[in-house]
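There are 2 protein chains.
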Amino acid sequence: MLAAQRASASVARASQRRIARPQLLTRTQQPCFSSLTPRAFPPPLRTPPTRRAHLRFASSGPPSAKASVKEPTAVFVPKPRTRIVHLVYRSFAGLGAFIVISGVIVLAFFAFDASTYSENPESIDLTISEHAINPRRGGPKNLPIAEYFVSDDEPSFREQKHKPKLVILGTGWGSVPLLKTLVAGEYHVTVVSPSNHFLFTPMLPSATVGTLELRSLVEPVRKIVRKAKAHFLMGSATDVEFSEKLVEIESIGPNGVKESFYLPYDKLVIGVGSITNPHGVKGLEHCHFLKSISDARKIRNKIINNLETACLPTTSDEERRRLLSFVVSGGGPTGVEFAAELYDMLNEDLVKYYPRILRNEISVHVIQSRGHILNTYDEALSQYAEERLAHDMVDVQTNARVKEVRADRILFSTKDAETNEFVTKELPMGFCLWSTGVSQTEFCQKLASKLGDAQTNKHALETDSHLRLTGTPLGDIYAIGDCSTVQNNVSDHIITFLRTLAWEKGKDPSAMHISYPDWRNVAKRVKSRFPQATDHLRRLDKLFEQYDADKSGTLDFAELSELLKQIDAKLTSLPATAQRANQQGLYLARKLNALSRAAPGMEANMITDGDVDEAVYKAFEYRNMGSLAYVGNSAIFDFGGGWSFGGGLVAVYLWRSIYFTQSVSLRTRVLLAMDWSKRAIFGRDMMNF
Amino acid sequence: MLAAQRASASVARASQRRIARPQLLTRTQQPCFSSLTPRAFPPPLRTPPTRRAHLRFASSGPPSAKASVKEPTAVFVPKPRTRIVHLVYRSFAGLGAFIVISGVIVLAFFAFDASTYSENPESIDLTISEHAINPRRGGPKNLPIAEYFVSDDEPSFREQKHKPKLVILGTGWGSVPLLKTLVAGEYHVTVVSPSNHFLFTPMLPSATVGTLELRSLVEPVRKIVRKAKAHFLMGSATDVEFSEKLVEIESIGPNGVKESFYLPYDKLVIGVGSITNPHGVKGLEHCHFLKSISDARKIRNKIINNLETACLPTTSDEERRRLLSFVVSGGGPTGVEFAAELYDMLNEDLVKYYPRILRNEISVHVIQSRGHILNTYDEALSQYAEERLAHDMVDVQTNARVKEVRADRILFSTKDAETNEFVTKELPMGFCLWSTGVSQTEFCQKLASKLGDAQTNKHALETDSHLRLTGTPLGDIYAIGDCSTVQNNVSDHIITFLRTLAWEKGKDPSAMHISYPDWRNVAKRVKSRFPQATDHLRRLDKLFEQYDADKSGTLDFAELSELLKQIDAKLTSLPATAQRANQQGLYLARKLNALSRAAPGMEANMITDGDVDEAVYKAFEYRNMGSLAYVGNSAIFDFGGGWSFGGGLVAVYLWRSIYFTQSVSLRTRVLLAMDWSKRAIFGRDMMNF
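As you go down the protein sequences, you meet chains C and R in turn.
Counting from 2, one number per residue, gives the positions in the first sequence under my numbering.
Counting from 2, one number per residue, gives the positions in the second sequence under my numbering.
None of these hints come from the bench; they were simulated from the model.
The structure presented is a predicted model; accordingly, all values stated were derived computationally and were not measured.
Treat each hint with caution, since some may be false.
Put simply, identical chains are the same to the list, so a pair is met inside one copy or across any two.
[Claimed, not checked] Pairs of lysine-lysine residues, derived as PhoX-like cross-links and limited to a Cα-Cα distance of at most 25 Å, are as follows:
| hint | residue 1 | residue 2 |
| --- | --- | --- |
| 1 | Lys426 | Lys283 |
| 2 | Lys259 | Lys543 |
| 3 | Lys303 | Lys224 |
| 4 | Lys303 | Lys259 |
| 5 | Lys303 | Lys292 |
| 6 | Lys353 | Lys164 |
| 7 | Lys404 | Lys416 |
| 8 | Lys162 | Lys353 |
| 9 | Lys268 | Lys230 |
| 10 | Lys164 | Lys259 |
| 11 | Lys459 | Lys292 |
| 12 | Lys451 | Lys162 |
| 13 | Lys268 | Lys162 |
| 14 | Lys230 | Lys353 |
| 15 | Lys166 | Lys353 |
| 16 | Lys451 | Lys525 |
| 17 | Lys228 | Lys353 |
| 18 | Lys228 | Lys566 |
| 19 | Lys259 | Lys447 |
| 20 | Lys528 | Lys566 |
| 21 | Lys552 | Lys181 |
| 22 | Lys142 | Lys166 |
| 23 | Lys224 | Lys353 |
Throw the hints in and build the complete structure from the sequences for me.
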């Protein structure tokens, strides 16, 4: 009994503490009451039952309840009035708590907000090197050479002033991951790009119709640059002087006139991306493109403008139908996603605010040169997407080649289903998006032509498997992202190697025979040098058996060559995707970090040239993490190797969450989440400005 | 006892219901326990005490507790282990509850989101009048006359098809409140404007530097228009044919060529706003303006561009200083707020991401032609703002007139402090904002000249106190907002009236004497006709005494004229503010509602002309609700009549909350709140696109 009293005393203290928090106290009443189930009767307790009555009245508060203590029979009669009082009391307590908590949160935020205003202007003394203000001139074109910057002597940059100069061209999917992964302070890093933002390209089609806002897809590059202790210059690279290690930059000067200067480098990373492929078609000035954020804004304005013009009383029926005919040239992911987003907007928002006739007269067309849209995806997905678009009444023209674009129509040739002959068709249009693959920038073309025979690919700069630009001194210049391609002529390399090996052993290569253990060694070598071939060199025994045509138990030179050539053929060139650029950027950052770590050792051993990259880091290996695409209230996923699926809204939410996690910063993630909510609550904004 | 059993049975049911929600059940344990205070022992209850034990154990859950039922003494011993178990149990329950509740909220939102996607395209049959597709031609210029629209036969518009045609020109601070207050369906309403959004102009300076996003300040007009069951056409009014009741609209047709058509009206509301006043200064093509949302975007891009150019190694020291010299021409609210916002951005965000030298070389200048900035505000506030800007090292040049703007400098004349002579000064600049008051649009100039003598004001369209455009048939055309001014030549009108009165009474007006009771009647009449004079007609006795020069106890004609002239002089013309336009829009909407209510009665009585407006609704009365301005981490408020104050951050929050509540829609309010939070957390985006 003593123990019990102690217990109830301590409990009473707890109860007193609790009283300070009315919202918790009130919560307790109803459950205590409601737990009185009459089913189970445990053995009687030694505690006086009177306490129980107290329990109820202590918490129920009002004086009228206390009065009824004198008449205990009344206790178990649930008076409706008391319950209402309880309920009101509880509601007020809950409301009070809510107001207090919200108030505290708001006040805390205001306090934080107030702390972000800088009241007194900071003005510190700076020493700026004379070289930074008046750079010396030189190089083949006698241009200013930007060896030092005005910010080089700032506290946060001083340490890097004399570190090896790393120049990064571009601020896209290759350069930004590179910058974010690079250990800050190990290089004197300069980023050069004509745009001062990083664009999250995979969601760009969503921004064209207002599903997402433009600012949610871009991140200021200077934020990323500052974290990497790097410098940023707004300009475009126009040329590289390989011998003097100078990259020529063109930028718009104070008077709006283009000015050029040289930027010296020790290591140069080219990540300048690509341009839209015009495919030699006439009239592309009547088309819109979708590469930059301004493109998305222009498209958005153009679409709304067409809708507004379609409402004018002076617009004829025929003209209205033309204005509302939207054509997408190119059935790749960009084209298909744009068509899907456009259709969504027309279907969900247009009907709410524009005359109904517009909805009836709208048409969306996709013109694709191949047999299927999304032809890089699994065939089942490609079909799913086609069915989805057909359900949405988006007209898909396959095996159709655009011949010419005019201000008001698009001409394309397609095979007639009956006669099987090519016929030219015309489609009146009010808007055309041109998204038919990528092509090399002028700068890359110039570099390729300068490097002559070393560069044979017409579409991209060739690099070795260490991403070093072929034809330039090893370790000077790297190329990543869309502007580059990794050479994978495996057979040539290995055969040359085998030849050398055979001759060294004093054997005629044509008379060489390779046993299974030898073959395993060769395969190992191939894998280490060309990681992307690994997938195709899994079952070495089967391959050996399959290509040992004469069943001799050994491979002769011809048989081995055939085997390697087949593997080579299977290795398609890397796709021009954000995913690849991202992997290359990360790879290069890790290598550059490894190189800077290895530098002191190499200096001590006086290793200044040779294949340093190969010595400190592995070759680049592309891993296909799969592709995804939005196809109009549903999404498709292709994870490679037969793993693929497509589905409705749940897939759309998955598609969004994948991009959400891959988004570049907390800021963009918050903005993305807000944009999605905004669309659901307020719809898309139908405005152009 | 029976009643008690019934009660507990009902409670048991409640308990069962409750079990489905574990988060509430677990909450109940501790409080039941803790409420056992040993202080008060109410009389024993008749209920078997066993129930109580059950109560505890049923809710405390763990099997060990159930086991202790057989040993009741153990119940009241507070075992520390049990308390920890409780605590852990409770934490888990709390966590679980949090996860479940959050999950439910997220799922609910996703369910809501999913419901916003329209799966199956709606395509309904429409009947469209032939007149809508092929409008008849006519009018003085034989243009198409848009009598019917393609949307007129839609279910939501069918009712209004034959209602009186109300045409509203503009979508600004006058027209939008009008539209929002107008009772939907009473008129066939058509809104015509070159922009399809409403712009919240008072916060525009904040958008120029990224404190707010552009989209947060604009609301799609079609949303507002749809709610008012109105039609919207994108175009600009170019002329009005008063006799045929046609307004000529110019819009950009399907091929990008301007096309004109007539829009018939029964009532026309002109709310086309104003343009920036060039004051005849040469070289304004080198200046930026701040009237539209595109202007804000251009300014933002230009500022960032200047900062980027200032970082280039080819930019000389002198050029950098010029690029970083920001000049604001005009010391009104827009100019001052822009200077303040610009300074904030430079001070808070620039230093984080740009070389430090930029911060040291930045200068902001305000050139004001008057003696003080914010000269329409209370003098103390004006001084406060000047001190504030001086503290922020913003250079304010007062009594300075801009003479010419060149690409790289601005020339202005100012009084030399010593010689007191006007001298011309030069200021190198990289950016110039021109915000020096408003001027009439071309359309308004044309209307004014067409109306000849009826319109004498060179700056705005004159209306009577019912906002009817002077010189046009009564009740046909109204003008509101910046493009209009309300005539307040009180004395002229009243004197004419007095003359008429005098002559009617057969007296010579010059011999008339007005007693104090007469004067009170006259004053009452003046107040009802010119409400803005009310403030100046408060102490009628004092006025009477003051102007009764000969102390005759009556006012003669000359004395009365003098009195009224003095009052007239005190009534300055209404300010060109959002506030005034808003009040006029609301006023006009209420009057139009009253007119449509009165229409059946007037028709029955065959009242078709005469001063119908005066018959159904009072004259427009402007109420000055005060002005506010942001002056750089502080704000000033001028509520008129000597009520004014200025202060720091708390005032800024007040300034924001005033605009927050006045914002046009829930959407813009949500966006504004998010923008302010975004700035605090992530800073302003330093990007241009």
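Margin query: For each hint given before, does the structure comply? Return the numbers of the non-compliant ones in rising order.
Written below: Per hint list: 2, 10, 12, 16, 18 and 21 violated.
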